Each structure stands twice: as structure tokens, then as C-alpha cells.
Amino acid sequence: MSDTVQTGKPLLEVRDLCVAYGAIEAVRSVSFTVQAGQIVSLIGSNGAGKTTTLRTISGLLRPRSGQILFEGRPIHTQPAHAILGMGVAHCPEGRRLFPKMTVEENLLLGAYTRKDEGIAEDVERVYDLFPVLGERRGNKAGLFSGGEQQMLAIGRAMMSRPRLLMLDEPSMGLSPIMTQRIFDTIRDLQRLGTTVLLVEQNALAALAQSDYAHVVDLGRTTIEGTGHDLLADQRVRDAYLGEN
Amino acid sequence: MFATLMQQIANGIVFGALIALVALGYTMVYGIVQLINFAHGEVFMVGAFGGLATYTWVLPADVKQIWYVALPLMVLGGVVVSVLISLAMERIAYRPLRNAPRLAPLITALGVSVFLQEAVRLFYPNATSAQPFPATFITTPLVIGPVTVPASGILLVAVSIVLAILLQAYVNRSRMGRAMRATAQDPDTARLMGINPDRVIVVTFAIGAVLAGVGGVLYGVYINNIDNQIGFQNGVFAFTAAVLGGIGSIRGAVIGSFVIGLVKNLADVLLPGGTAYDYVWIFVLLIVVLVFAPQGLFGEAERVRA
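Same order as they appear, the protein sequences are chains A and B.
The numbering of the first sequence is UniProt numbering, which starts it at 1 and goes up by one.
The numbering of the second sequence is UniProt numbering, which starts it at 1 and goes up by one.
Looking at chain A on its own, in the form it has when it is part of the complex:
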């Protein structure tokens, strides 16, 4: 784990975000930054507003107030398809593959906005990373196991060559071994230069992998620190790591 100093222009900056579904404020005041090259986690209990935050960053939801800056530019007024084009990929909760399409079609959809020649090469790169997908590239995505689907969902998100990869609950429903496999993959992607914003209820696994982390509680960012620090923080241990 690298000791990262929170300086310089951040890749992503979320300022005092407020998002509501009708009268219900799911996110009241969320602020955090993501430095390029880091893995940053948002941890917190179910319903804290983590998923809503990601969906707002990717443009599926509009904030009631607050700002989202990517590379210094405000993106919270942009449509979702434009935000992907800027380099923000969102691997949504529950994977959300296109179940009736093949593995290969799902990957090609991940590269939908790209016009360059390297798409076929990147598809092969995903198959190298996850050989099980390559062996069954013509099969419908809905037929795969949870872990394999998560691999495909991450591979699909990487096909846009994002600078920021947002992952929502990648370990959900997976065995401990598969969870480890997914987190190893996230590490590898970081090493290859991708910045990662991770949302997890599995706080222990997430913090162990994160350069920096924020606790989201009742729609607000509260405690923050390096993954290492938060693992040692008594408040975090009490509330999120299952210790009393």
C-alpha cells in the first residue's frame, strides 16, 4: 500500500453533493476527492447513499445541488453517454450485463464509443485476463456464474479504456475465493494505470485494498483516511467491521 499524499489536482472531485428521489434525499452532503492512480473506497451500510453517489457521477441521476468535477471540469450537467466518453466508466451494482447477448457482444458494447483500431486487441486482452470468458465468448452472458459475470462486467467497463473505473459492490454474492480474485484484478488494473473508485459493503476487503477511503453514513461523508488508518479506527471497527 502506497502512502499517498492528498495533494495536486484530483482526477475526481465531488463537492457537497445532494441527490434526491422526489422528496427523499438519498445523498445529503457527500464530498470527497480521488487522486489519479489511487484506489479510493466509499464504505458504509446499505442505504447510506453510496450507489446513488456513483449513479450521479456517471450521469444517470442529476444532483439537486453540489458539484462533480472530473479533471477539473464540471460533469454533473452532462448526459451519461457523454460522461463515459470523457473517461469515466461505471460498473453498476448487480453487474447489469446484457444477459441475452454473448460475452463478446457485451465487451463490444463496452467499447461502443471507441472508433479506433485497438478494440479487437482489447477484447483479447480481457480474454487473457479472464480465460473462462475467452473459452465461452459465444455464450450468452446470462448463463455465467456470479463471479464470471463480475469478471465480464469489469472487462466490459475496461473496454472503454477509462481513466476512472467506478465499481459498485463487485464482491456482492461472491465466494471469499472469488472475492479475492476480483480484488486482485482491481489491484492489477490500478497497476496498469487505472484509477478506481470502489463502493463496498464488504468494508474489510475494501479497506485492505484501498489507498484512501471515506465512510458514508446517512447520505453524508463522515470519517476519512487511508485504508490502513480506517482499518485501525475504532469507530470504523465498531460500526463496519463487525466488532463490538
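Since the hints were derived computationally from the structure, they do not count as laboratory data.
Only a predicted model underlies this, so the values are computations on that prediction, with no experimental measurement involved.
Glycine included, each C-beta is placed from N, C-alpha and C at the ideal position.
Worth double-checking, as some hints may not be accurate.
Sample of chain B residues facing chain A (criterion: CB under 10 Å; computed from the structure) [said to hold, decoys possible]:
no., residue
1, Lys64
2, Arg91
3, Ala182
4, Leu192
5, Asn196
Label-pair distances were calculated between CB atoms; the ranges are [unchecked claim]:
no., chain 1, residue 1, chain 2, residue 2, range
6, A, Lys140, B, Pro294, 20 to 28 Å
7, A, Gly94, B, Tyr277, 47 to 55 Å
8, A, Arg62, B, Met176, 49 to 57 Å
Sample of chain A residues with no beta-carbon within 12 Å of chain B, all distances over it, derived [what the hints assert, rightly or not]:
no., residue
9, Cys18
10, Phe32
11, Ala80
12, His81
13, Pro99
14, Glu105
15, Asn106
16, Val132
17, Thr185
18, Ile223
19, Thr226
20, Ala239
Once you have looked at the hints, place chain B on chain A.
Chain B only, in chain A's frame:
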């Protein structure tokens, strides 16, 4: 009796091919935006008038005599009118209601349908009475034993099948086709792939309008006259065919159309009531199918949208 049956089967296939060109538009639009575009029959109707207007006012007299030049130009004219009308209705009537409850665009579609029928009645000379369509190119019919099919009927079947195959290939193989299927399966996730839903919707309406425009002009050539009610009449059959086949399914719309065409034409001679009972038998069939297979013959159970 045998000769009559064979003739009715042939007529049913031709009618099915015609209905398929309209049903494909219903099913494509429903697949993408979950809207039954009740005004789609009028897109077919304005296409027919567009073809007729091209013949009447655009084509020079000597070109009118050469059917293999005149007909493609009429089809082109009809398609242009259909596409323009269809894109205008999407932009003006449906897009502002994109996030409204589903009933709102449905009722709007009925309004657009009435609007277009009345607009043609008001602005196209004598559009309520049958407007004779040029028949110069319907020369020798195809005669197989007891069955006679006019050349325009053969053309209709051929064009319809070719266009349906091209559409299926486009949706399955092209980049835009993939974006359409993604949007139909999961619109939010499609947006996360960088797919602009507005563009997909516009392309979908345009494709439906091209098919309906071709159908409108070929209908005029086949039936020999058109009026401003043909969109409603044939739209009901096409909509029923799309639902029967499983709305959202391309294959279902085509097969549903041929089923409707055959049932309609066979019922005319086999069941009591004759042509006056067309709608009765077709809706009886629809009800029976929907009771046992609510998703239609080739449809999938309604997806629950997150």
C-alpha cells in the same frame, strides 16, 4: 372450392407481407421505448400519399410511362414523407413525454393518429374518397394453376421478405443494432456504455418509417386506390400481428403478420359473415393466443425494469 382456397391463401400471403412492413415498425418502437405508437398506421398512410404525390406532381410525363423508373422514385418519395412525419412526431409529441407515465404517450399517439388523418383530409385534394393509384406497371399477373397473383403482389411479398431479412441482420450484426438491443434490454446500462438513447430512438423511428413508407406505396400499387383511412384500417391489423407474434420481436412481427393475413383471407370464405367479420375473427384469434401465451408467439415475458 379448392381453387378458391388456394387463391385466398395466395391473397393472404400478399396481405401478410404488406402488414409485416407496418408491424415491424410497431414492434421496433415498442422494443426500444415501450410505446405502442398508434400513429404508426398513419406513417404508412402518409407514405402512400407521398408516393402518389410524387407521381402526380413531381414525375415528368415521360418518366411516368417507364414503371421501373417511376416506381422506385414513388417509393423514394413515400419513404421521405414517412420518415419526416415519423421523426417530427417523435421529436414534438413523444420526446417531451419520455419520463411521463406510460399512459401519457399512449394517449398522445392516438391524438397524433387523428391529427395526421385529418391533416391529410384537409390538405390533400379529395383524400377522403379513393384516390386512384397509377396502375400502369401492373401488367401480366402470375398464374399458377387456379391461383392468380398480380405482379404488384409478387413485388410486395419479395420486398417485404428482403427488408425483414435486412432488418434482422442490421439489428443482429451492426454497431447501431447492438446499441438498439442493449437499450431494449436495459436502458440505464446502455447509457453507461456511452449509448445516446435519443439517437437510438430516432434511428428506430426512422427504420419503422422507411418500412411503412415502402409498404404504403406498394399498397397503393397493389390495391390501386388509397384514402386517408388506410392507415387506421391496416394499422389495426399490423398492431395485432405485432402483439400476436410477441411485441418487440422482429421474427414474431413477420410471422404474426402472415398468420393474420392467412386467417383474414381464409375466414372470408370459410367462416360466416364474409369480409365484414374480418376484425371479429382476427381479434378472437388474438384473444385466444393471449390467454394461453400472454407474451405472444415469440415474445418474452415482460421485463421488470429497475
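How the hints compare with the structure:
no.: 1; hint: Lys64; verdict: violated (45 Å)
no.: 2; hint: Arg91; verdict: violated (17 Å)
no.: 3; hint: Ala182; verdict: holds (5 Å)
no.: 4; hint: Leu192; verdict: holds (5 Å)
no.: 5; hint: Asn196; verdict: holds (5 Å)
no.: 6; hint: Lys140(A) x Pro294(B): 20 to 28 Å; verdict: holds (24 Å)
no.: 7; hint: Gly94(A) x Tyr277(B): 47 to 55 Å; verdict: holds (50 Å)
no.: 8; hint: Arg62(A) x Met176(B): 49 to 57 Å; verdict: violated (27 Å)
no.: 9; hint: Cys18; verdict: holds (21 Å)
no.: 10; hint: Phe32; verdict: holds (21 Å)
no.: 11; hint: Ala80; verdict: violated (4 Å)
no.: 12; hint: His81; verdict: violated (5 Å)
no.: 13; hint: Pro99; verdict: violated (7 Å)
no.: 14; hint: Glu105; verdict: violated (6 Å)
no.: 15; hint: Asn106; verdict: violated (9 Å)
no.: 16; hint: Val132; verdict: holds (22 Å)
no.: 17; hint: Thr185; verdict: holds (19 Å)
no.: 18; hint: Ile223; verdict: holds (29 Å)
no.: 19; hint: Thr226; verdict: holds (29 Å)
no.: 20; hint: Ala239; verdict: holds (29 Å)
Of the numbered hints stated above, those contradicted by the structure are hints 1, 2, 8, 11, 12, 13, 14, 15, listed in ascending order.
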